[in-house]
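Residue numbers (the numbering used here), protein chains in the order written: chain F, 407 to 876; chain G, 407 to 876.
Rather than coming from a laboratory, the hints here were simulated on the basis of the structure.
There's no promise every hint is true.
It does not matter which identical chain is used: a pair holds within one copy or between any two.
[As the list claims (entries may be wrong)] Keeping only pairs whose Cα atoms sit at most 30 Å apart, straight-line, the calculated DSSO-like set for lysine-lysine is: (1) Lys634 with Lys869; (2) Lys869 with Lys665; (3) Lys869 with Lys713; (4) Lys713 with Lys665; (5) Lys751 with Lys665; (6) Lys650 with Lys869; (7) Lys504 with Lys751; (8) Lys455 with Lys634; (9) Lys504 with Lys528; (10) Lys470 with Lys592; (11) Lys634 with Lys528; (12) Lys686 with Lys528; (13) Lys592 with Lys634.
All of these numbers come straight from a predicted model, not from anything done at the bench.
Here's the letter readout for the chains.
2 protein chains.
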Amino acid sequence: MKAHRADGLSAFFEPASVAVFGSLNDSAFAMGNAFGVIKNMLGFGFKGKIYPINPSGGETMGIKAYTNISEVGDPVDLAMLLIPPRAVPAVLNQCALKGIRFVIVGTENFAEASHEGAALQKEVVDIARRNGTRVLGPNTLGVLNPSNGLITTPYPLYYDSVMKGGISYCSQSGLLSFGAYPLKDKGYPISKMCDFGNKCDVNEVDLLNYLAEDPDTRVISMHLEDIKDGHAFMEAARKAIVKKPVLIFKTGRSEAGAKAAASHTGSLAGHDEIYESAFKQVGAIRLNSLQEFWEIPRVFSSQPLPKGNRFAVIVGSGGSGVIAVDAATEVGLTPATFTASTVRKLARLSPRLVNNPVDIGPVSVTASDPFSVFEEVIPTVLDDGNVDCATIGCMGIPESVEIFRRLMPHLSDISKPITIFLWGTDLQIMEESARQLEALGIPTYLDLETAVKALGIAVAYSKIKLRAEQ
Amino acid sequence: MKAHRADGLSAFFEPASVAVFGSLNDSAFAMGNAFGVIKNMLGFGFKGKIYPINPSGGETMGIKAYTNISEVGDPVDLAMLLIPPRAVPAVLNQCALKGIRFVIVGTENFAEASHEGAALQKEVVDIARRNGTRVLGPNTLGVLNPSNGLITTPYPLYYDSVMKGGISYCSQSGLLSFGAYPLKDKGYPISKMCDFGNKCDVNEVDLLNYLAEDPDTRVISMHLEDIKDGHAFMEAARKAIVKKPVLIFKTGRSEAGAKAAASHTGSLAGHDEIYESAFKQVGAIRLNSLQEFWEIPRVFSSQPLPKGNRFAVIVGSGGSGVIAVDAATEVGLTPATFTASTVRKLARLSPRLVNNPVDIGPVSVTASDPFSVFEEVIPTVLDDGNVDCATIGCMGIPESVEIFRRLMPHLSDISKPITIFLWGTDLQIMEESARQLEALGIPTYLDLETAVKALGIAVAYSKIKLRAEQ
Numbered sequence: 407m408k409a410h411r412a413d414g415l416s417a418f419f420e421p422a423s424v425a426v427f428g429s430l431n432d433s434a435f436a437m438g439n440a441f442g443v444i445k446n447m448l449g450f451g452f453k454g455k456i457y458p459i460n461p462s463g464g465e466t467m468g469i470k471a472y473t474n475i476s477e478v479g480d481p482v483d484l485a486m487l488l489i490p491p492r493a494v495p496a497v498l499n500q501c502a503l504k505g506i507r508f509v510i511v512g513t514e515n516f517a518e519a520s521h522e523g524a525a526l527q528k529e530v531v532d533i534a535r536r537n538g539t540r541v542l543g544p545n546t547l548g549v550l551n552p553s554n555g556l557i558t559t560p561y562p563l564y565y566d567s568v569m570k571g572g573i574s575y576c577s578q579s580g581l582l583s584f585g586a587y588p589l590k591d592k593g594y595p596i597s598k599m600c601d602f603g604n605k606c607d608v609n610e611v612d613l614l615n616y617l618a619e620d621p622d623t624r625v626i627s628m629h630l631e632d633i634k635d636g637h638a639f640m641e642a643a644r645k646a647i648v649k650k651p652v653l654i655f656k657t658g659r660s661e662a663g664a665k666a667a668a669s670h671t672g673s674l675a676g677h678d679e680i681y682e683s684a685f686k687q688v689g690a691i692r693l694n695s696l697q698e699f700w701e702i703p704r705v706f707s708s709q710p711l712p713k714g715n716r717f718a719v720i721v722g723s724g725g726s727g728v729i730a731v732d733a734a735t736e737v738g739l740t741p742a743t744f745t746a747s748t749v750r751k752l753a754r755l756s757p758r759l760v761n762n763p764v765d766i767g768p769v770s771v772t773a774s775d776p777f778s779v780f781e782e783v784i785p786t787v788l789d790d791g792n793v794d795c796a797t798i799g800c801m802g803i804p805e806s807v808e809i810f811r812r813l814m815p816h817l818s819d820i821s822k823p824i825t826i827f828l829w830g831t832d833l834q835i836m837e838e839s840a841r842q843l844e845a846l847g848i849p850t851y852l853d854l855e856t857a858v859k860a861l862g863i864a865v866a867y868s869k870i871k872l873r874a875e876q
Numbered sequence: 407m408k409a410h411r412a413d414g415l416s417a418f419f420e421p422a423s424v425a426v427f428g429s430l431n432d433s434a435f436a437m438g439n440a441f442g443v444i445k446n447m448l449g450f451g452f453k454g455k456i457y458p459i460n461p462s463g464g465e466t467m468g469i470k471a472y473t474n475i476s477e478v479g480d481p482v483d484l485a486m487l488l489i490p491p492r493a494v495p496a497v498l499n500q501c502a503l504k505g506i507r508f509v510i511v512g513t514e515n516f517a518e519a520s521h522e523g524a525a526l527q528k529e530v531v532d533i534a535r536r537n538g539t540r541v542l543g544p545n546t547l548g549v550l551n552p553s554n555g556l557i558t559t560p561y562p563l564y565y566d567s568v569m570k571g572g573i574s575y576c577s578q579s580g581l582l583s584f585g586a587y588p589l590k591d592k593g594y595p596i597s598k599m600c601d602f603g604n605k606c607d608v609n610e611v612d613l614l615n616y617l618a619e620d621p622d623t624r625v626i627s628m629h630l631e632d633i634k635d636g637h638a639f640m641e642a643a644r645k646a647i648v649k650k651p652v653l654i655f656k657t658g659r660s661e662a663g664a665k666a667a668a669s670h671t672g673s674l675a676g677h678d679e680i681y682e683s684a685f686k687q688v689g690a691i692r693l694n695s696l697q698e699f700w701e702i703p704r705v706f707s708s709q710p711l712p713k714g715n716r717f718a719v720i721v722g723s724g725g726s727g728v729i730a731v732d733a734a735t736e737v738g739l740t741p742a743t744f745t746a747s748t749v750r751k752l753a754r755l756s757p758r759l760v761n762n763p764v765d766i767g768p769v770s771v772t773a774s775d776p777f778s779v780f781e782e783v784i785p786t787v788l789d790d791g792n793v794d795c796a797t798i799g800c801m802g803i804p805e806s807v808e809i810f811r812r813l814m815p816h817l818s819d820i821s822k823p824i825t826i827f828l829w830g831t832d833l834q835i836m837e838e839s840a841r842q843l844e845a846l847g848i849p850t851y852l853d854l855e856t857a858v859k860a861l862g863i864a865v866a867y868s869k870i871k872l873r874a875e876q
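When you get a sec, could you build the whole thing from the sequences and use the hints?
As structure tokens, this is what we get:
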């Protein structure tokens, strides 16, 4: 019997030991390259034991390799298989004999490739069911857990760490995984990541159940091309949504896209209206682009939920205030009307600061210290009882980071969600400033409309959660 | 009488000499800082003469300063004023006496700030009309022309050059100008840029007329909060559209946004439906976000217009193919059906490459040279008579740049528009690759859906142009 408990997947993310099957030759092609996986795990400082498994034995990067999993004396929690498809069934049985109940089949050329591959995938599932093994994949880069340095992709990465945080990303494609996104450079706060691959066994329902209970996960962002079992998905999503937001980027929306999905992972995408209505019914929030998949969840990782939809904008340029208000209106936010007390406080700084959007530009250009104006206006606006959330637009330079560093204790006390939009003329300085603000705990965007939309989705989730709790 | 000829604005972009009025003190606040403008112009290698004008005289950065414009012996084409608002009327008259017919009033605190400012702005207009002077502004960073190094912003920039090319950007806010965007790092190909400011005289109609005739401008991307004269705008847009695409990012779409626009530049934004219908009628294409304002025009700078809407996708990941097809469908593109000949050629490489989207991933991971597969597939697909345009998704690394460098002669012969989507795990390498591909002449995006949408808008413009020519 396979484990159906919600915590049944923890070995995929928190194994004390991992066996990696495949070539130990540095130059092997990626999806057969155990060397690549081990190199990445060492780079990320994986905290458990690593057992390279290859018929040649020997050692790799100072780690003893075993010719067969049966030779390993200690127990092993997880296996990552990067071996030819036809070798997988036998190795699955060997893993079961060794007591390994969690296996990632990274290798490609299963159901997504051919009828022969589909038959082999069915055989994999049968063996797994018989042995009580859970299988992630095939055709997957596997998982990432920055807390223990677990990373199972064999592809060379240009980074060796990511920021720990509250977002769990799952995807049905390597393109939406740690294998194809500059996670370290972006500085996004990550809890767990999982590439589903062909979903022969472990799928979106398992991950929803697991991540709903995972205390480190504050938000789930999930890319799906199909859903294997609609009823199970809806039940799992309903339960998860009471605890944390479930954001879904469902692709294959168009008929042509659904056809493309079928040839990608063998998915039967089905009519989009059915998905749309199911998501609405359970309270899963739909994302509409790659950019939203990556960027929207960040607002939930560090920010409190908004108590309402009254929105303030503080910017250094009037033009961006107008754009922010347009974007806010489109996602259900309403521009806040400041209280008389706030207006008085702002008017003391300048009569031109009393409206929402607060355009600091004209005041700051003549101020002796332009940044001090920002530093006074931000807490004044956020303290206002009529304001539920705010987007702050400022220049992406170290001085802006310092303002927020000084304001952080006060902002934490106020406990209202904010997002930052950074603009500037030097991209690297902007990106470095964004990373530093993200590390301070403020979701920071180089795209204004996305910064605003994130708050709109936070408001939408607040309402969904309230309704679900009633 | 002011000049109404279409080429009447050339002195704003191609002056042989510029007088810059304002403080020559490095530490003066920006909007009063002639020093900053001159420093930027020297940094950009301005090819004309610079005349600093300041009552103290002396010299700045090795350039002789004059206490009054009347002291300058040679003729002066353009003046940039960064002097207090109340000083502007007198200086405008001095400029007219000196024969300067083109003046940028950078200074703020005119109509956007107060009733007093509005009265002063009216006075400026009256003087300009009397003297036959054209005025850009007030409340503007002015203009940028990379061809001659003209740049009039007083703000410190973190760059001193931008790529020359076919895009002209105009905006009603400094945020959407060279003063607040990392233009050099992005590598976008620029013809002219203009910040309208308060549009007391020179406005969107003048710029449309000028840029329509400008041989270096292949596309006009315009941000507007309002339109001063609807009929004149429609007439100018209609004429421009026959020659080049006119893309409009009109903000203040929502009622709340329109209210915010009114307090930003004193604009009366009016109902959005009126704008929407006017744009449709004349064939101006509407953009919907800051990101689109900057990124969509690039497809027109270097690419030929598509002959139809049949779209091909070539990607290294099946997941991205599905997303691209969804995005394509939403912007009116249809997935192309390859001819039998193309299918045969692709099948020779691998039977898994014969569908559109062409997913190279599974083939390239086992190929001895994965990049060679891309290099064979791209021209095969683009040569297909059933394909009008294509988006190619590949990893943002130097090897990808080299593929396109080798393919460029062939791609130029095929003469169909393409866009590139780059993914990767190191942001700086991705950005450097994007710049290099952009410099090769291929619009390159780090956002997949925008890469696809650009082609959709190219198709839309092709149809508009055809209709306009009939």
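Okay, the hints, checked on the actual structure:
For a Cα distance limit of 30 Å, the shortest separation of Lys634 from Lys869 inside one copy, 28 Å, qualifies, whereas the shortest one across copies, 42 Å, does not. Taking CA atoms no more than 30 Å apart as the test, Lys869 paired with Lys665 passes between copies only; the shortest distance there is 28 Å, against 35 Å inside one copy. Taking identical chains as interchangeable, the C-alpha atoms of Lys869 and Lys713 lie at most 30 Å apart only when both belong to the same chain, with a minimum of 9 Å there against 48 Å between chains. When the C-alpha separation of Lys713 and Lys665 is checked against a cutoff of 30 Å, the pair qualifies only between copies, where the shortest distance is 25 Å, while the shortest distance within a copy is 42 Å.
In this assembly of identical chains, Lys751 and Lys665 lie within 30 Å of each other by CA distance solely across copies; the values are 22 Å between and 59 Å within a copy. Only within a single protomer do Lys650 and Lys869 lie at most 30 Å apart by alpha-carbon distance; the minimum there is 12 Å, versus 47 Å between protomers. For the homomeric pair Lys504 and Lys751, neither the shortest alpha-carbon distance inside one copy (70 Å) nor that between copies (47 Å) is at most 30 Å. Taking CA atoms no more than 30 Å apart as the test, Lys455 paired with Lys634 passes in neither setting, with 34 Å inside one copy and 70 Å between copies.
With identical chains, the CA atoms of Lys504 and Lys528 are at most 30 Å apart within one copy only, with a shortest distance of 22 Å there and 87 Å across copies. For the homomeric pair Lys470 and Lys592, neither the shortest alpha-carbon distance inside one copy (35 Å) nor that between copies (47 Å) is at most 30 Å. Proximity of Lys634 to Lys528 under the C-alpha cut-off of 30 Å is restricted to the intra-copy arrangement: shortest distance 15 Å within a copy versus 67 Å between copies. In this homomeric assembly, Lys686 and Lys528 never come within 30 Å of each other (Cα to Cα): the closest approach is 33 Å inside a single copy and 54 Å across copies.
For a Cα distance limit of 30 Å, the shortest separation of Lys592 from Lys634 qualifies neither inside one copy, at 32 Å, nor across copies, at 42 Å.
Comparing the model with each earlier hint shows violations of hints 7, 8, 10, 12 and 13; every other hint is respected.
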